[in-house]
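If you read the protein sequences in the order shown, they are chains A and B.
Following my numbering, the numbering of the first sequence begins with 107 at its first residue and continues without gaps.
Following my numbering, the numbering of the second sequence begins with 80 at its first residue and continues without gaps.
Simulated from the structure, these hints should not be mistaken for lab results.
Quantities reported herein were computed from a predicted structural model and do not represent experimental measurements.
All C-beta atoms in this analysis are idealised placements derived from N, C-alpha and C, irrespective of residue type, glycine included.
Check the hints yourself; a few may be wrong.
As the list claims (entries may be wrong) - Partial pick of chain B residues on the chain A-facing surface, computed with a CB cut under 7 Å: (1) Leu-122; (2) Met-125; (3) Glu-135; (4) Phe-143; (5) Ala-166; (6) Ala-183; (7) Gln-187; (8) Gly-188.
Claimed, not checked - Mimicking SDA-like on lysine to any residue, the simulated pairs with C-alpha atoms at most 25 Å apart in a straight line are: (9) B/Lys-120 - A/Pro-116; (10) A/Lys-148 - B/Ser-117; (11) B/Lys-119 - A/Gly-165; (12) B/Lys-115 - A/Ser-190; (13) B/Lys-120 - A/Ala-174; (14) B/Lys-101 - A/Ser-146; (15) B/Lys-119 - A/Arg-213; (16) B/Lys-120 - A/Leu-181; (17) B/Lys-119 - A/His-217; (18) A/Lys-148 - B/Lys-119; (19) A/Lys-148 - B/Leu-106; (20) A/Lys-148 - B/Phe-154.
Single-letter residue listing:
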Amino acid sequence: QKEVEQNSGPLSVPEGAIASLNCTYSDRGSQSFFWYRQYSGKSPELIMFIYSNGDKEDGRFTAQLNKASQYVSLLIRDSQPSDSATYLCAVIFSGGYNKLIFGAGTRLAVHP
Amino acid sequence: ETGVTQTPRHLVMGMTNKKSLKCEQHLGHNAMYWYKQSAKKPLELMFVYNFKEQTENNSVPSRFSPECPNSSHLFLHLHTLQPEDSALYLCASSPPRIGGDTEAFFGQGTRLTVV
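Please construct the entire structure, taking both the sequences and the accompanying hints into account.
Following this line, the structure appears as structure tokens:
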């Protein structure tokens with residue numbers, strides 16, 4: 107079983123729509139969850155992090171965490187063509203020192 | 080600018096060469112990471128250092144040799160690489176234990192091509 111799983115996509119949404127990106131993780135004890143955005147040829151940049159169950163909103167982005175289901179998602183409202191990128195889910199696995207593990211990423215394409 | 084600096088940004092090396100990648104941060108972080116990102120593949124964790132001590136080696140071949148002389152600097156020494164080692168190598172740093180409003184920062188990466 108992969109440690110952090112994401113649908114590779116591409117996820118295609120029209121401009122102005124809500125894009126929903128999903129991620130599941132295997133380590134039940136994980137406490138820290140991150141969403142990164144990566145444009146082609148660039149390094150990942152942090153969009154949001156979430157530690158508590160429920161929703162966390164930041165502008166057009168909402169992260170949702172459900173630890174019981176080992177599931178974390180990212181919603182992008184009013185999607186723009188500039189949001190087209192690969193979105194990476196990352197999890198700090200529990201126990202001892204930090205170990206930041208990434209999913210394979212979901213490619214999002216927002217078309218005008 | 081994330082505060083994590085990687086050099087060089089691009090590197091072309093032959094299979095018999097020896098080169099080093101450098102990562103530097105002055106964010107006060109004590110955990111540093113090396114990741115490899117090959118074309119159309121996910122980020123692969125290679126090494127983790129916490130407080131200058133290696134805490135993770137993800138079955139990386141010995142032709143990759145990390146060095147962490149202090150909490151601000153991380154190196155990746157390369158020797159006798161193979162063409163399939165061509166990839167984007169990313170360094171990241173984070174506080175020692177993540178919780179609350181903390182995050183991990185990435186450098187810009189080194190694009191390595193082995194010829």
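What hints, given by number in increasing order, does this structure fail? 2, 4, 5, 11 and 13
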